[in-house]
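Chemist: The chain contents come next:
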Amino acid sequence: MTAAPLLEADDLHRSFGATPALDGATMRVWPGEVVAVMGSSGSGKSTLLHCLAGILLPDSGVVTYGGRDLSAMSETERSALRRTDFGFVFQFGQLVPELTCLENVALPLRLERIRRGEAERRAAEWLERLEVADLARKRPGETSGGQAQRVAVARALVTRPRVVFADEPTGALDSLNGEKVMRLLTQAARETAAAVVLVTHEARVAGYSDREVVVRDGRTRDLTRAS
Amino acid sequence: MSIGQVFLGLLESGPRHGYDLKRAYDDRFGHVRPLHYGQVYATLSRLLKDGFVELDGVEQVDGPERKRYAVTSAGVTDVDRWLSTAEKPELYLQNTLYTKVVLALLSGRSAADLLDVQRAEHLRHMRELTRRKASGDLADQLVCDHALFHLEADLRWLELTAARLDELTKRVLT
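So the protein sequences, as listed, match chains A and B.
With full-length UniProt numbering, the residue at position 139 of the first sequence is 139, and numbering never jumps.
With full-length UniProt numbering, the residue at position 77 of the second sequence is 77, and numbering never jumps.
Hints may contain errors.
Stated by the list, open to error - Label-pair distances were calculated between CB atoms; the ranges are:
| no. | chain 1 | residue 1 | chain 2 | residue 2 | range |
| --- | --- | --- | --- | --- | --- |
| 1 | A | Ala193 | B | Arg131 | 15 to 25 Å |
| 2 | B | Glu87 | A | Arg68 | 57 to 67 Å |
| 3 | A | Ala72 | B | Thr77 | 44 to 54 Å |
| 4 | A | Arg183 | B | Asp80 | 51 to 61 Å |
| 5 | A | Asp217 | B | Gly57 | 14 to 24 Å |
Unchecked claim - Quick look at which bits of chain B chain A covers, simulated, 3 or more residues with Cβ under 8 Å:
| no. | segment |
| --- | --- |
| 6 | 54–60 |
| 7 | 104–110 |
| 8 | 146–153 |
Hints were generated in silico from the structure; no laboratory data involved.
Beta carbons are placed, not taken as given, at the ideal position from N, Cα and C, and that holds for glycine.
Okay, chain A solo, but in the shape it has when bound (with noise of 0.2 Å):
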């Protein structure tokens, strides 16, 4: 890894009430890479994809994206940041039920002032991408899990983000549709260069990606250098 990194974590800590999720955790991102957080339940692992999205702030220790350190942003500016430059991939119930999928994917871009026929435009290109072109026209509810897991999908990639967080992208689907998830999201995000930071407990989920972080009792180990 010769380029600088594009986030990184140093000794970070968070508690929740008197129970401590980080306790030192350290990691970093480069750009384009797909790298698999893993750890077992309760490991401190979802709490790390937040802190690194800026989507919580640590108790101490520094988030830097970019060279920025995401702390000392306003809680506007992460908002931006986070509309812009990183995308998002949950387990289940991030789709607005209310809108079509074709809706759903662009509405990031709609967000960003974009007009409604070219954020359409680029959000029917990604549903294509992720091989569920035909459900443009219909609502959530009308898919299955893992139709709507790849709209999900589309709808993170659809702004260019130059990282998606995925936490536990494929828990709620069975075998099949998780790994077609897998693949349509490492491909599509390879092709664009954006980094990958998938939080899973699966190891098979984990064989998608380019190298491991372990998160054991809010600590972190990089197992590509254990080996």
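Please build the complex by placing chain B on the supplied structure of chain A, with the hints as guidance.
Modeler: Frame of chain A, contents of chain B only:
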């Protein structure tokens, strides 16, 4: 798995007779297949020839002579290398991995590091298979899936063992 390396690991805690070694091995690792005496003495004679053990003394109480063996520094280096090197991910590794974990605990080495090294090797292999699947036909995909599911099972065992290391340490050291 090499019985010789397990013997060297067991001898690190102090010199033993062949009979003691067999008993220690069977107690800890022989639940599936206890050693035959022939294997014990053939292994010790090979370790002696290779310079990994040396004779520490000969005793005769009520019966035949009993030779006591001690591990040499070359033997300790050999165990060290074995315990710090990941096993090639293949089917039915659990016996070897369990043995390595127990020997690491017995000798005061880091079993957590050993498990992480193995975990990294398994994950590396899973990434290779995942890439092969992406470019392969259906037959390739099914073959890779079979291997991936087995590796995943091993990984779950590695994770569970890592989570139980404190408990296992107490059991092994008492």
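Chemist: Are the hints correct? Go through all of them and say.
Modeler: Tested hints:
Taken as a hint, the range 15 to 25 Å holds for the pair A/Ala193 and B/Arg131, whose Cβ atoms sit roughly 19 Å apart. Remark: the range hint 57 to 67 Å for B/Glu87 to A/Arg68 is contradicted by a beta-carbon distance near 44 Å. For the pair A/Ala72 and B/Thr77, the supplied restraint of 44 to 54 Å holds, since their beta-carbon distance comes to about 51 Å. The supplied range of 51 to 61 Å is broken by A/Arg183 and B/Asp80, whose beta-carbon atoms lie about 41 Å from each other.
With their beta carbons about 47 Å apart, A/Asp217 and B/Gly57 fall outside the hinted range of 14 to 24 Å. Look at the segment 54–60 of chain B against chain A: 0 of its residues bring a Cβ nearer than 8 Å to a Cβ of that chain, fewer than three, so the hint is violated. Coverage of the segment 104–110 of chain B by chain A is violated [criterion: at least 3 residues with CB-CB distance below 8 Å; count 0]. Figure legend: the segment 146–153 of chain B, annotated as covered by chain A; annotation consistent (4 residues with Cβ-Cβ distances under 8 Å, at least 3 required).
The structure is inconsistent with the numbered hints 2, 4, 5, 6 and 7, although it conforms to all the rest.
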